[in-house]
Amino acid sequence: FDIYSILRYYSGFGRYDDDFIDRLSRYYSVLIFSIFVLIVSSVQFVGKPISCFTPASFTNAHVTYADFVCWISDTYFVSIDSEIPDLDESEIRQSSYTIRFYQYVPFILMLQTFGFFLPGFCWRSGSSRFGLPLQKHLDQLNISHRSLSEPPIYRRQLIRNVAIRLDQHFRIQPKGKLAKLTIFYLFTKFMYLINILIQLISLHYLMNFNFNINDILDRFLIYSNTVRHASLQFPTNVLCDFIVRFLGKNKHRHTVQCVLPINIFNEKIFIFSYLWLIILFICTIYNLFIQWILFFSIDRNIVDTRRRVVRRTVSKFSLEQNQEIETINTHDYQPITKNFSQRYLQYDGIVVMRLINMNTDLITMNDLMDDLWDLYQVNPL
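Each residue of the sequence shown is one higher than the one before, counting from 1 in this note's numbering.
Warning: the hint list may mix true and false statements.
[As the list claims (entries may be wrong)] In silico BS3-like links for lysine-lysine, alpha-carbon gap of 25 Å or less: (1) Lys48 / Lys268; (2) Lys177 / Lys249; (3) Lys338 / Lys177; (4) Lys48 / Lys175; (5) Lys338 / Lys180.
The set of hints was computed from the structure by calculation and includes no laboratory data.
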């Protein structure tokens, strides 16, 4: 029972069985938003998120009550240059400028964190069900890369073991059937994209963001005079109405002015989140449609990639046999090369080899491809 291994598996930290764009969402975004949750939660539950300016007749108990009731109640914003409406118009002014969400900012950030965590968790849980423990193979390949002090035969044996297991998997997978692993991986990327799109639209419309360059620069500045900070989404100076009940039918209604210093952090956090989501959206769109879908759509790129590897590998084999052939016509090997890509690796194998290539060094990847090619030549498909 290894707690570290369990946390490492379910959190995804320390895993690299996907590409860098995926890790921007399931690793870096989860880490960033988790830090935001800790910052806002510490201010809300440990510090003092609100402070109200109360009449001089209020005792300390009255002041504490006003702070708490204004924190859990809906406050409203009126510009410092405008007059506060009369008490008879309180419903009208509250319906126009009511601020309701700042108490729930930690939960909003936790929901965003979970949105980034879920697709990666689905990939980690589902990819192993296709009979290919990709992360274990990557761990062994990286062990061989770090084993510089060990004999070379030890490193080559580690790579050879991975090649043997991959060869067994590629040979037993159904030929010409649905590429389940490929579809599942692309579906995971669509989950990342949909999550980013939903969060981006939610922040844009629910928070009423309307950004330009000057607005972004102004919003990132922390004002020395918070009273002049007139943000409608994250006001630092708000009004609060509450009623104090006495015995009988006596009710005293009070309107107090409150300061929300926590909104300084909230505004910066959500502005950064909005810009971060835009960057993620652009990167994920490019990665999904250009680097993966377009890659599979152009089948000749897969054949040409294997053809170049075949030229190098076969030339090495010829020299070892002391043959006098110095140049090899790669066109003669095109049919077996095409079978290697289309019938042996297939789309699932190409996804696996591409992910391994993204997460290992060039020497290890070349040695792995050489071993796979040697194993394939024993019994070509």
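| Ascending list of hint numbers which this structure does not respect | Numbers 2 and 4, in rising order.
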